[in-house]
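Novice: Quick note on this note's numbering: the sequence shown kicks off at 2 and runs consecutively.
The reader is advised that the hints may include incorrect statements.
Quick list of simulated restraints, FRET-style, between CB atoms [what the hints assert, rightly or not]:
| # | residue 1 | residue 2 | range |
| --- | --- | --- | --- |
| 1 | 229 | 52 | 14 to 22 Å |
| 2 | 29 | 154 | 14 to 22 Å |
| 3 | 124 | 62 | 47 to 55 Å |
Hints were generated in silico from the structure; no laboratory data involved. All C-beta atoms, glycine included, are put in the ideal place defined by N, C-alpha and C.
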Amino acid sequence: MQVYFIRHGQSVNNSLWEGEKYMAEGRMADPPLTQKGLRQAEITGDFLALKREACNLMRPELDHQNRTGFHLTHLYCSLMERALQTGVIIAEKIGLPLIGLEDVHEIGGIYHESIIDGLPVVEILHGLGSKELAERYPTVQLNAPIPERGWWLGGKEPLEKRVERVKRVIQFIKDRHGGTEDRVGIVTHGSFTAQLYRQILHLNMKPDIDYITRKGFVSNNCSITRVDDYGQEFLMMYFNRADHLPDELIT
2 MQVYFIRHGQ SVNNSLWEGE KYMAEGRMAD PPLTQKGLRQ AEITGDFLAL KREACNLMRP
62 ELDHQNRTGF HLTHLYCSLM ERALQTGVII AEKIGLPLIG LEDVHEIGGI YHESIIDGLP
122 VVEILHGLGS KELAERYPTV QLNAPIPERG WWLGGKEPLE KRVERVKRVI QFIKDRHGGT
182 EDRVGIVTHG SFTAQLYRQI LHLNMKPDID YITRKGFVSN NCSITRVDDY GQEFLMMYFN
242 RADHLPDELI T
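Based on the sequences and whatever the hints tell you, model everything.
Specialist: Given below as C-alpha cells:
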C-alpha cells in the first residue's frame, strides 16, 4: 500500500499570510480556495494523472519517485470546503470517485474565535450538512453519513482529541487498505498531516504542543507526501513534493 497525502490548494485564510503580516481579522471558519488555489489543484490533478513508460533501470516496486506515474486507486478528502474543492478537481482529472472522510479535517475543526470583554469566545459552527453537501458537491461520496445540521460537532477541537483522531485515521487506512497494492490519495490539511507524520515516525505526540511549533513539518499548498506501508512500519518516501507547480504558485 502506498498513501499520498495531498494538501489542499491555497485557501482564503492561507492568503492572509501573503502580506507583510498575518491579518487574523480576515480569517474564515471554513474558507474556500482562492483563484491561485484553484489553479494549484488543476495542475496537481494533471500531475497525478500522468502515466509514463517504465524506466529500464528500475523495477516497479523501486519507483520511489513515481517516475512512471502515480496510478492512484482510491481518493479521499476532508469535508472542509478547501479540501472538497481541491479533491473534486483532482478526482475529475484522474477519473476516480471522491470519498469524503470526516476524520481527516484540519486541527481545531470549524470554528470562529472572537475576543469579547477580553476573553476568547468560540462561535458554534457545524460545516456543510448532508443536503448542502449533495447540492454543492454532487460527485462526492461519503464514507459515513453526516447530520443535516453539518458534519462538525461544533466548537474548537480540544488538544487531547487531535492525537486520538490521528490514530483513528491511521487505523482506518490500515484496516481498509493494508496488505494490498492500493495507491491511496488523501486530500487533507497541513497541521493535521504534521501530527500524523509525528505519529507514524514515532516522534513526540504530546497534545499540548502549540500550533506554531506543531510538529516539525510544514507543507506547501497542493504538495504531495508519499508514505508506504511495510507491514509493521510506515516509510516516508518523500515529503512536501511541489516541483510540479510553477514558482508563482508555490504558497
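Novice: Each of the hints needs a verdict: does it hold here or not?
Specialist: Hint by hint, here is what the structure shows:
1. A C-beta distance of roughly 20 Å is found between residue 229 and residue 52, which places it inside the suggested range of 14 to 22 Å.
2. For residue 29 and residue 154, the Cβ-Cβ distance of about 19 Å falls inside the hinted range of 14 to 22 Å, so the restraint holds.
3. Taking 47 to 55 Å as the suggested C-beta distance range, the pair residue 124 and residue 62 conforms, at roughly 50 Å.
Taken one by one, the earlier hints all hold for this structure without exception.
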